[in-house]
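Number of protein chains: 2
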Amino acid sequence: MKTNAKPGDLVEVHLDRIIYEGVLLESPDSEKGIVLLKLGTGYNLGFNKKDILEIKKIQEVRIKEKKLELKKAPGKPNIAMIITGGTIASSYDSRTGGVHPLTTPEKLFRFYPELFEKVNIIKVEVPFMKFSEEMNPKDWQKIARVSEKLLNDSNVKGIIITHGTDFLHYTSSALSFFLGKLNKPVVLTYSQKSIDRASSDANLNLQCSALAAISDIAEVSIVGHASDEDNYCYAIPGTKARKLHTSRRDAFKTVNDEPYAKISEETIELISKYNLRNNRKIKPDIKFEEKIALVKFYPGQKPDILDYYSKQKYKGIVIEMSGLGHVSSKWIKKIKEICKKGMVVCGVSQCINGRVDGKVYSTGRKLIEAGVIYLEDMLAETAFVKLGWVIGHRKWNVKEKMLENIAGELNNRLEE
Amino acid sequence: MKTNAKPGDLVEVHLDRIIYEGVLLESPDSEKGIVLLKLGTGYNLGFNKKDILEIKKIQEVRIKEKKLELKKAPGKPNIAMIITGGTIASSYDSRTGGVHPLTTPEKLFRFYPELFEKVNIIKVEVPFMKFSEEMNPKDWQKIARVSEKLLNDSNVKGIIITHGTDFLHYTSSALSFFLGKLNKPVVLTYSQKSIDRASSDANLNLQCSALAAISDIAEVSIVGHASDEDNYCYAIPGTKARKLHTSRRDAFKTVNDEPYAKISEETIELISKYNLRNNRKIKPDIKFEEKIALVKFYPGQKPDILDYYSKQKYKGIVIEMSGLGHVSSKWIKKIKEICKKGMVVCGVSQCINGRVDGKVYSTGRKLIEAGVIYLEDMLAETAFVKLGWVIGHRKWNVKEKMLENIAGELNNRLEE
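If you read the protein sequences in the order shown, they are chains E and Z. Sequential numbering from 687 applies to the first sequence in this note's numbering. Sequential numbering from 687 applies to the second sequence in this note's numbering.
Derived from the structure by calculation, the hints contain no laboratory data. If you're wondering where the values come from, they're calculated on a predicted model, not measured in any experiment. Be a bit skeptical, because a hint or two may be false.
Remember, identical chains collapse to one label, so a pair may be satisfied in a single copy or spanning two.
[What the hints assert, rightly or not] List time: in silico DMTMM-like cross-link candidates among lysine to aspartate or glutamate, alpha-carbon distance up to 25 Å:
#1 Lys939 to Glu955
#2 Lys1087 to Glu1055
#3 Lys816 to Asp1043
#4 Lys718 to Glu1055
#5 Lys939 to Asp914
#6 Lys1045 to Asp737
#7 Lys816 to Asp990
#8 Lys1052 to Glu712
#9 Lys1020 to Asp993
#10 Lys977 to Asp990
#11 Lys879 to Asp1043
#12 Lys982 to Asp943
#13 Lys743 to Asp695
#14 Lys1016 to Glu976
Modelling step: build the complete structure from the supplied sequences, incorporating the hints.
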């Protein structure tokens, strides 16, 4: 195998009967006999060196180490960023195949120069770097504590939080409850496609997030693509967002509500009511009871799972029930039992869209009698987060609080 | 309180400051001091007799006991129906507030005369009458056994099965696997709004189901409203359907696939490929392992839940993971353990739309190593049903079968 190509170059790999084009990667030490190629689709292919006739260089890699001028421009509004991980804050090194976190304004500037045309990023906080599936309520609390500092800093006009997509809607719910009525925007954003790919959604999401962060929308919102086109974003209420696609750019949808705004690179079009920017001092309320569970009911499921959580001394459970909020009538007795023992049982719908109503059928009425709190049109994920937060406050009346609309999680605007 | 109105009449109930209009209901024996009124919205109101000044009759109820002529019309195709319960097969008696099942052709004719203009219903089977949340795998087996008889009856051109909406998509999946390659259409249908209400969706759903049942689409499908308008339906593949709204007529959506057809009262417009009507003899394969579970992962969730199912001797578990198919890396060791003990662990996405891919990130690759079978774009509910069916066959290679597209549950047509 002969070649003058080096890692990072665009090459053709010639095999016996087929030619692959892609970027040559550095082979890891453990795989010395293997040549790795990153295809245009973003996937990597591995070849045995002995099968390769030739690696032909098409275009040499040029490594630009742009000199950064990250001066504060006096005309531009100042914002702060909180980086927590996820695809949006990871750059992929085409030479090594490794992933590097973007955790300083300089590094962010290299990938997202357009963002800096709109705003000055005067602070970047990195409480941790995690994939969102590794997060837990303690991480939500950490983000809230970092946010507190920035929200009460009068030099900061708004906050952008970058986050892995997968469980972002849990974090946005947690911040909605923890931070309370806000004084300025808290904007969570993400990317579905790696930022080193031409098709990345990160750039538009960040630019729209910047507009949201300097807007008057003093709410926790998720800002991301409104469609699979790369033209505008929605600002989705933090308690009404759900990831509904594994890979599309418009993974997040507003459920049982409307977005706050439609945002393009240049404009914000307001859609629904929100809390206005103000001078309130922010004091997060981050109490949280971690002994709570989320259970999705399925046909034939035994109610014994409730015993399991009861024995483990869980304090509350959210059940994803049927459409209007039913489970098998075989569950009623057990639910009554655990409610009597002090566990809180909440009912939401696994249909995602619409609302539960226990009063329509007799099974629902019996479940209400047994103690189930029906959470109207609240999303299961939001209900889970809210339940932990409410139970965390020992003196609160749990049922009353769960049914009080605290952060837009219960919505009566879209009644049919 | 004076009145000449009787239950069933349209009345005005005059209170001190307000007048309610609705249909007077018969008060149950237990509530003699109460007057019950069914409002136009379908909701019931109860009044204390002593608060009522007058009940004014607006229109007398006319009880039509239409003489039925249910002769077979020689020109029309013959179909069979299987009634299993749900709103669509329940008529509401406005006089008593009670609900009566429609379990004979005569009773069905009274409510759905248009259905009988299209087809002869030569058989009605009623294996049981249940709300769908009460069903379990044994009920799916019962429906399959009843279907077998009708599918192998050359006088029957197709089958309509009426069913409660809530867990209909589990049943449609089960029948898709149990019945195998079909010889004629098996159409499941439902209604979201009670048939005695002007806004009921049952009539259109049944008429479209009749067209589907006499069509060439020899598949298990769910036929129901395509939008909230009352104009046409979709025939949705049985393994690719999910209830995604609690109350709208178009509660069921096709996920990661296309409908077989768009159907109005008069026409069928074919949309995607299907198995053609034929003369195959049908022999259902209804083996099913009931010791399977469906678990939705949430942030911070302890892997101990896997021990619980392992100790209870469960044979398989479907985990609703993150977008591409991740759980916390704290779960990996435990998953490896239970897989070694012989439990089957499958991964699907809680995003509903899109597909899992364990190969993109290292957590996914470790989960694959630990033994997780990634089920591509399969719906969680379909995966649950398929897993029970596959494990039910002791001699099958579970992984191979789970990844084999048997009834349209794995779809490669819609790759992005």
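Cross-check of the supplied hints:
1. Lys939 to Glu955: Within one copy, since 17 Å is at most 25 Å while 30 Å is not.
2. Lys1087 to Glu1055: Within one copy, since 19 Å is at most 25 Å while 44 Å is not.
3. Lys816 to Asp1043: between (38 Å within a copy, 19 Å between copies)
4. Lys718 to Glu1055: Between copies, since 22 Å is at most 25 Å while 67 Å is not.
5. Lys939 to Asp914: both (12 Å within a copy, 19 Å between copies)
6. Lys1045 to Asp737: between (69 Å within a copy, 24 Å between copies)
7. Lys816 to Asp990: between (34 Å within a copy, 22 Å between copies)
8. Lys1052 to Glu712: For Lys1052 and Glu712, only the inter-copy Cα distance (22 Å) is at most 25 Å; the intra-copy one is 64 Å.
9. Lys1020 to Asp993: both (8 Å within a copy, 22 Å between copies)
10. Lys977 to Asp990: both (18 Å within a copy, 13 Å between copies)
11. Lys879 to Asp1043: So Lys879 and Asp1043 pass the 25 Å test across copies only (14 Å; inside, 39 Å).
12. Lys982 to Asp943: Both, since 23 Å and 24 Å are each at most 25 Å.
13. Lys743 to Asp695: Close inside one copy (7 Å), not across copies (87 Å); limit 25 Å.
14. Lys1016 to Glu976: between (28 Å within a copy, 17 Å between copies)
In terms of the numbered hints stated before, the structure departs from none.
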